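Asks: First to last, the sequence lines map onto chains A and B. So for the first sequence, my numbering puts the first residue at 1; every next one is plus one. So for the second sequence, my numbering puts the first residue at 1; every next one is plus one.
Any given hint could be a false lead.
Heads up, the list lumps identical chains together, so a pair's fine if it works in one copy or across two of them.
Unchecked claim - The calculated lysine to aspartate or glutamate pairs, modelled on DMTMM-like cross-linking and capped at a C-alpha distance of 20 angstroms, are:
no.: 1; residue 1: Lys71; residue 2: Glu191
no.: 2; residue 1: Lys136; residue 2: Glu242
no.: 3; residue 1: Lys136; residue 2: Glu278
no.: 4; residue 1: Lys42; residue 2: Glu16
no.: 5; residue 1: Lys279; residue 2: Glu242
no.: 6; residue 1: Lys24; residue 2: Asp12
Quick caveat, the hints were computed from the structure, so don't treat them as lab data. Please read these numbers as outputs of a predicted model, since none were measured by experiment.
Residues per chain are reported as follows:
There are 2 protein chains.
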Amino acid sequence: MIRISLDLMGGDFGPEVVIPGAAKALERHPGVSFVMFGQQEKCAPILARYPTLRERSVFHHCEIAVAMDEKPSQALRRGRYKSSMWKAIEAVKAKEADVAVSAGNTGALMAMSLFCLRTMANIERPALAGIWPTLKGESIVLDVGATIGADAQQLLDFAVMGGAMARALFEIERPMVGLLNVGVEEVKGQEEVKEAGRLIREAGLDTINYYGFVEGDDLGRGTVDVVVTEGFTGNVALKTAEGTARQIAQYLRSAMSRTLLARLGYLLAKEAFDRLREKMDPRKVNGAVFLGLNGIVIKSHGGTDAEGFAAAIDVGYDMARNGLTQKIENDLKEYHARHSSSAGPEAA
Amino acid sequence: MIRISLDLMGGDFGPEVVIPGAAKALERHPGVSFVMFGQQEKCAPILARYPTLRERSVFHHCEIAVAMDEKPSQALRRGRYKSSMWKAIEAVKAKEADVAVSAGNTGALMAMSLFCLRTMANIERPALAGIWPTLKGESIVLDVGATIGADAQQLLDFAVMGGAMARALFEIERPMVGLLNVGVEEVKGQEEVKEAGRLIREAGLDTINYYGFVEGDDLGRGTVDVVVTEGFTGNVALKTAEGTARQIAQYLRSAMSRTLLARLGYLLAKEAFDRLREKMDPRKVNGAVFLGLNGIVIKSHGGTDAEGFAAAIDVGYDMARNGLTQKIENDLKEYHARHSSSAGPEAA
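All chains should be built: construct the whole structure from the sequences, respecting the hints.
Replies: Take a look at the structure:
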């Protein structure tokens with residue numbers, strides 16, 4: 001049985017979205033149970049509307065809620081040990097939950113997760129891994145904004161962790177992993193990226209298939225299962241793709257409403273448009289995963305609705321069910337065992 | 001009268017695309033004349049098919065053509081002083097042309113342009129500025145891949161140069177300029193970007209309106225006229241947007257061909273779909289500009305067709321007609337005059 005802890009106060013709409021989202025997720029995974037943290041007076045009336053969910057949940061009152069615009073340092077000072085966000089994460093640390101899900105502010109969630117759960121052995125910094133819809137299905141892209149910059153070793157760690165997540169999420173044995181780079185000949189890529197490519201090749205990892213460099217247009221194409229990049233570029237790429245999708249949707253809407261014939265055509269093809277809308281629905285791929293911590297924390301979009309929040313819970317459910325943390329730990333251990341033995345083969 | 005020098009051998013299709021492209025551009029700008037460089041035996045038969053164009057052109061035979069996969073250093077060694085690419089750039093230096101256009105390999109074009117034209121005073125490195133279609137029209141994004149990384153001062157130079165280009169291209173008096181950054185609170189952005197923001201504010205430039213930071217999704221939204229970033233992120237963002245557009249076009253095609261009703265709807269709304277296709281046509285925004293050199297060089301996509309190459313010529317035409325180089329030089333001069341006087345106000 002998977003136990004999920006929820007920060008009911010996170011996101012633009014707090015319990016109004018989180019609780020209905022949990023109810024939807026429970027329909028899909030009836031075996032799940034919830035540990036919930038939030039302000040009693042706001043949450044109880046909403047929870048009362050979902051008797052099945054209430055039956056599968058333990059509710060804890062927390063006075064403090066982290067604000068969406070609070071600075072991480074401020075959120076930590078004000079909300080550590082007592083906010084609904086902190087308590088949700090702490091439940092994972094205390095083994096009362098297998099995964100925490102919050103739609104709260106990313107920086108605060110990152111800071112609190114790091115402070116509470118700490119990074120795994122040999123991991124310097126966690127990464128935020130997003131799920132990217134592609135022409136072939138889905139890929140994992142990391143880091144989409146946990147930290148800015150990454151050296152070659154950190155990029156290698158991202159490759160190992162992203163590979164473990166792909167095995168957990170897509171159930172592929174040896175996921176294909178690529179490093180995001182630019183194709184322009186003169187520049188031939190960032191030094192860190194080139195160095196990371198060398199390190200990954202030399203490491204001869206059994207858990208991933210190293211593809212080599214990929215470019216921005218390989219993201220949507222689904223060239224590889226896992227795309228590795230540092231957090232600044234990853235965040236810009238993610239938001240650029242989201243923005244482009246919205247832009248095209250806007251073009252499409254305005255084209256389809258311009259003439260009578262176009263409107264008629266739209267009506268006839270409505271089912272196809274609905275399918276397209278579903279394909280492009282950002283809520284379907286909601287739920288980014290903090291990788292590299294001693295526990296699983298899922299970040300949902302702050303502005304999502306119940307459907308979107310349920311998708312984030314789905315991701316958390318899959319990660320917990322497939323033992324993501326254990327997979328990452330094993331893969332990292334294997335890499336470091338090989339790495340140290342290859343560094344001193346005579347000692348073996 | 002604007003004179004345009006053409007590297008006939010550049011791009012995946014060389015003169016097969018460049019010459020018909022020039023013919024199209026000439027129809028739109030009948031006052032233009034061309035200086036052409038390429039292999040006689042390949043180019044002459046094609047040029048013969050366009051008598052009006054031939055009349056407005058001077059053709060020079062060049063034995064050497066830079067290959068699309070040649071490394072810049074190799075291209076420089078083999079093609080300096082004698083390749084069609086070099087000769088097209090050199091015509092700008094010798095004031096025989098106002099602008100050079102090539103669909104040849106970006107790295108080689110960059111290296112040769114830099115070597116031949118040199119950077120303007122006070123400019124350390126040139127930037128490649130692309131034109132980005134937005135919901136409001138078009139924006140300029142730089143650097144989309146000339147060099148990797150940029151310090152705060154270089155980002156400020158990009159802002160000044162991009163502003164000058166926006167004034168030349170969009171005929172806006174004080175274009176709105178933003179710095180590309182990430183919105184995640186914890187990270188609060190790259191150090192160089194934050195520092196560049198401070199520098200630009202302090203500089204109090206008359207030639208641009210500084211907006212502040214923008215994020216990836218502001219690109220398609222058209223929040224600002226000019227988006228400034230370093231070449232790695234800019235290149236990834238550009239290719240991610242192109243890839244996302246192709247991905248959605250593919251979804252749309254497959255949705256519209258799935259059922260009979262959808263196909264019928266598509267037929268009725270065909271005009272609207274054509275309009276959408278035109279909106280999304282990457283050929284319409286072909287033509288990136290190297291900024292910061294003593295002369296204008298336009299880079300066309302290597303894989304474009306005649307229509308796309310004509311669009312790149314259009315960009316070159318606009319840049320030359322509006323005196324881009326002069327505008328940039330003036331703006332840089334103004335900035336540096338202010339900057340040195342503000343550094344030592346007592347000396348004034």
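Asks: Which earlier hints can't be squared with this structure?
Replies: No hint contradicted; all consistent.
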